[in-house]
Amino acid sequence: MFLRLLSDIQWRAAHPKWRRMTSSQRSTSTTAEPHPVSLPAQAQVVICGGGIMGTSVAYHLSKMGLKDIVLLEQGRLAAGTTRFCAGIVSTARPMSVELKMAHYSNKLYQQLEQETGVQTGYMKTGSISLAQTQDRLISLKRIASSLNVMGIPCEIISPKEVLQFHPLINVHDLVGAMYVPEDALVSSANVSLALATAASRNGVQIHERTCVSHVTIQKGRVTGVETDRGRIQCEYFVNCAGQWAYELGHSGEEPVHIPLHACEHFYLLTHPLKEPLSSSLPTIVDPDGRIYIRNWQGGILSGGFEKNPKPLFTEGRNQLEIQNLQEDWDHFGPLLGALLRRMPGLEALQIMQLVNCPESFTPDMRCIMGESPTARGYFVLAGMNSAGISYGGGAGKYLAEWIVNGYPSENVWPLDLKRFGALQSSRTFLRHRVMEVMPLMCDLKVPRWDFQTGRQLRTSPLYDRLDAQGARWMEKHGFERVKYFVPPGSDLLDLDHSKTFYKPDWFDIVGSEVKCCKEAVCVIDMSSFTKFEISSTGDQALESLQYLFSNDLDVPVGHVVHTGMLNEKGGYENDCSIARLSKRSFFMISPTDQQVHCWTWLKNRLPDDSNLVMEDVTWKYTALNLIGPRAVDVLSELSYAPMTAEHFPSLFCKEMSVGYANGIRVMSITHTGEPGFVLYIPIEYALHVYNEVMNMGQKYGIRNAGYYALRSLRIEKFFAFWGQDLDAFTTPMECGREFQVKLDKGVEFLGQEALWEQKQNGVYKRFTMFILEDHDTDMDLWPWWGEPIFRNGRYVGKTTSSAYSYTLERHVCLGFVHHFDEKTGEELVVTTDFINQGEYEIDIAGQRFQAKAKLYPFSSLFTQRRRKDEVELSGYQRE
Amino acid sequence: MCVCPGPRRIAIPVRSSRLPLLSDAMPAPAHLFPLIRNCEISRIGSTVCYCHHKHLCCLSSHFAHSHFRYAPQKKFAALYRPKEHFNHFIHTRDYASTPQRFYLTPSQVNSILKANEYSFKVPEFDGKNVSSVLGFDSNQLPANAPIEDRRSAATCLQTRGMLLGVFDGHAGCACAQAVSERLFYYIAVSLLPHETLLEIENAVESGRALLPILQWHKHPNDYFSKEASKLYFNSLRTYWQELIDLNSGETTDVREALINAFKRLDNDISLEAQVGDPNSFLNYLVLRVAFSGATACVAHVDGIDLHIANTGDSRAMLGVQEEDGSWSAVNLSYDHNAQNEREVERVKMEHPKSEEKSLVKQDRLLGLLMPFRAFGDVKFKWSIELQKRVVESGPDQLNDNEYTKFIPPNYFTPPYLTAEPEVIHHKLRPQDKFLVLATDGLWETMHRQDVARIVGEYLTGVHHQQPIAVGGYKVTLGQMHGLLTERRARISSVFEDQNAATHLIRHAVGNNEFGTVDHERLSKMLSLPEELARMYRDDITIIVVQFNSHVIGAYQNEEL
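First to last, the sequence lines map onto chains Y and U.
The first sequence begins at 1 in the UniProt record's numbering and counts up one residue at a time.
The second sequence begins at 1 in the UniProt record's numbering and counts up one residue at a time.
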């Protein structure tokens, strides 16, 4: 492979010491020869994988001062997927953290040649993303908005302007395009080798042709690595094995689940044009044609993401170096068609080669990084979904920070390995899911998209019952949840046609569910929420939880406490509700996707005490949320117990009988701010209780409702949700939840110090509610999340979630407001006055809408049913 | 525009007995109004106009026939120029300036193509099919209205084996219809051993139930004439009675049986016409049968013995899969037409040297008939006296018919035509995967090698498309794109059909220059009005018999 040849020469020239070490191996092919340098017996960090990820992690770790690092590569450096990478560094990413990683990578690669002397082929060509449809243009405009506020130059251009940048493009079917002038091209293998060179200079030991057989784990900690050349003891292990990461994770006795799966990925190389293409010609991305096109040695390189991907290595097959897989022209045909449609002038261009190179994809199109929930010190960085070179630098940096500092400098929860559990680890699931994911790379990313494959894995016992009543489902952490119920007789659009950035077709359906929640009573199946029970023989449970949670948990038995689970910096690791079931036992409810993360967090921090027991009881209970003013009536009729506020105040928990079923945990919370209850029902009673509730509720106008209604309700009430609004970089002080923090509860707790400091010095961002003023729900684009917020015309932050409020008849966006110094850009303290004195605008795909900022929800929403005692008891205004 | 090579089709009036198939599937036909009346037919293709009032045009009589050429054209055509039509044509002229493009949707195309498809699978016993035939697919696509092709398939119940045949009628469908109903009985009877014949005769004599001789595999559209069944039965009975009397005691040779059956049936057709029938309908029927004609290509499969008996220019072709998986075609019949030198020789041998020049003119027998062997066609078999006598004593309809009255030129030493088949025997081998029997409508449009490949790929479901590798060759993006498009089209057309014969028709009618089905072309061809359809294509009838290689392999081993 000429690419490889080129890089080899450069690599060795740049690093003579390396050549000495490896020249003997390179002269012959694969015969085992004695390795000139033996492996060290121990190291602090062992990195497995010499592709762009492994070398980037090694580079950043060594930069951060770690010395004792060993990088092992089973074949040769940058000889796997990295070698075949198309080498496009593109910052046009829809997600903020991905965008930041790509931006950092770009900056890193730009100066890498100067730093290391290794030619990286870096060329700032810019990139142009084309839109064939108006919807595509909207999605490009959304990306452009977020690039601009990051300070990355970017503009939306007309089809005619596209022609000025690239003469070969057929622009007749285009409606617009996005130009990102700073996007670049690199030789990915050389970038990887440059990073290796720099790392090697900083003391990282690199060993090629060394195969990791498994990682040894003792007492939940990494202790060492077994290789075909002996054992290395280590403190940290980093799995950067790319498409083999899944297998490597499963090779040890204790499996580390890394859900990714390889697919064949094709791109075409051509001979140079008659008049060779300039190497500064921008890269073309035509997502509607599912292709990308870059200049390559005077010709072009063009690949894409076909609709019918070919997953491979499902049964596992480790290969040293990826030999050229078979070219499949028939498979590439549609992409070739798209290429010739986009650049008809290339018909006569001669083909050089069709490259087939496996790429790994993950179940949710996002890469995987972080520490294993089961083995401390076992880190993973893999599953790049074909954007390895774009993310390489940034991802390596974040992971290095994670290892060294305990947490990266950005919120990487969307990429955290712990968003997955063992349940996403089935090969069948992965195979099916990646076949959906790969085409999605080019599909329009619209709000509220649900994956269609790998579904119905975890379901509530009521699933069939709800489905028969018209439920439409979404999936969270493998669990099916109802979005809304389609009333009999009404027709919704089919899947493809329901994709929209505008008002969705379910608007009125959800509206009527919300109305029912406000005026009568609705049932929402909330069984997916993560539920833990923590109990002890003595006071250990209370003591430990008091340390781990910021609110005071030493409340009378039967009380429910909303509290954050904070890290040292006071940031939310989890936001949960904890009920004190007895003196010594607690029932904890967390968001669905917290199942792995929260468990790991607590497990790692709870004392090693056999008398202290934590159990995951998610699967034991079905949760029914009864929302609405008539929930009281339904429940009291079913239980023959008074449920009024005098007898059952807000934030209360009691075991009682409902219908014939006994032992139902009833809590007076609804997660929405509306009156009502959540029933935690042992699953064998679920159907019975549901039937009883529905029968009894009939006279009160009961109906089923879904999560979209819940979402609208909670957002109009200014309720922040963890995972959407709250993350590890947000403290209770910043989102107006000081009342959930008991700094003076008399017990030291995690994050206390940071919160004290914030209380005294003020916060640097503030969770704010925005009501869109001049937004036409029917005609205008809907906000989603990630829209830039402008205060007096200056960018101050982004939204984190949004919903239409059926009560206010306005869109509500939630988001954080920062205060950047006008001159220096330095972050300043955000005060209430700062918030209140601004004129705000929300930028939706380039169009700005006036917004009214509020730090507290509308009191009018808490009408007559809001009880004074409830406010006092809960001690805060928002539930 | 017209695909017919020269003015070889001739207008023969044939009564239309049923609605044209095409119009059933056309929701809003912009119908073509033909100007066939009094001009050279070859010009017609370019002088058409569009008419939206189909129901007004459908009175037009049916023209065009493949096998005949009729000399006194002008005189004849003048008879068939109804005034109203002409007026109507003028009336609708304004449509001509804005012809509407009209295409059938893929599902409309499919419903036309699939209207006559039929599949038969040989039933399995104990999960095993012990027959050397797995089953067959058949289909026909009309160009004439009504279609003049016929097909038959049946399993012999008193002997082993299966019979399949295609029949291409000319000068009407009467003869083809009669042959398709009767020939297999003649063959089956010829094959029956003496004892069985006796048993059958005794049963008939004593009014007992007859042993069933054939099990027919018929499409609902394949009909048998009820009115003539008694007449046909009596002729058949006479035949087996003669066989019983002739009892040679020898085991019946299939070749001989086939030849005897063909000749006997043709003889009976001729005799029935000469004798006539008291029933006027039947009388007219037997005359129509005798004065029209039909070619026949019949296969008899018994174990690994495959016999093809062919009379005329339909063709049988064996699909053979080579060791490398590719497909090749083996002809199992010879066309009896002017292109077959041996056949021309044979005809010349049978007549005095003085006639040598007039025997075959313009590639036609006596300058008129394309096939050199056929059933019926007594105009080429009877003496002039006999013809005149029969026509004169026949019903009025016959007398009014210009064609029947017309005596071929240079008609000196009849008979000029025979129904005697050429029989080819082939021992099936495991690599023989299928047999295609088809009328010349198919073979005119497709080469047998393409037929073998298309059916082979269809039946195996495997497209022996080698994966493309660029290697060291110089290939441009455009070339590659063209190649891939073609390969894709080839595959996608396979998935539409559940019937090999349908699939073949789709290719025969819709193939573009790449050898792949082009929907637009297919749609155009199928939306041709019946008056024009015959200009572009002939009736197509296809039977694809699929062989059971395992059984054939086992037979072979036994024989070794």
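Don't take every hint at face value.
[What the hints assert, rightly or not] Pairwise CB distance ranges, derived in the manner of DEER restraints:
(1) U:A554 to Y:S426: 26 to 34 angstroms
(2) U:R488 to Y:K503: 52 to 60 angstroms
(3) Y:S213 to U:A554: 23 to 31 angstroms
(4) Y:K503 to U:A489: 39 to 47 angstroms
(5) Y:S213 to U:A489: 47 to 55 angstroms
(6) U:Y103 to Y:Q698: 50 to 58 angstroms
Since the hints were made in silico from the structure, they are not lab data.
Owing to the predicted nature of the structure, the values given are computational and were not obtained by experimental measurement.
Just so it is clear, CB atoms sit at the ideal spot from N, CA and C, and this is done for glycine as well.
These are the hints, each one checked on the structure:
The hint said 26 to 34 angstroms for the Cβ distance between A554 (chain U) and S426 (chain Y), and at roughly 45 angstroms that hint is violated. Separation of R488 (chain U) from K503 (chain Y) is about 39 angstroms and departs from the stated range, judged on CB atoms against 52 to 60 angstroms. Evaluation of the 23 to 31 angstroms hint for S213 (chain Y) and A554 (chain U) yields a failure: the beta carbon distance comes to about 52 angstroms. Between K503 (chain Y) and A489 (chain U) the CB atoms are about 41 angstroms apart, so this pair conforms to the stated range of 39 to 47 angstroms.
In this structure the supplied range 47 to 55 angstroms holds for S213 (chain Y) paired with A489 (chain U), their Cβ-Cβ distance being about 50 angstroms. As the Cβ distance of Y103 (chain U) to Q698 (chain Y) is approximately 56 angstroms, the hint placing it in 50 to 58 angstroms holds.
When the structure is compared with the earlier hints, violations turn up for hints 1, 2, 3 and for no others.
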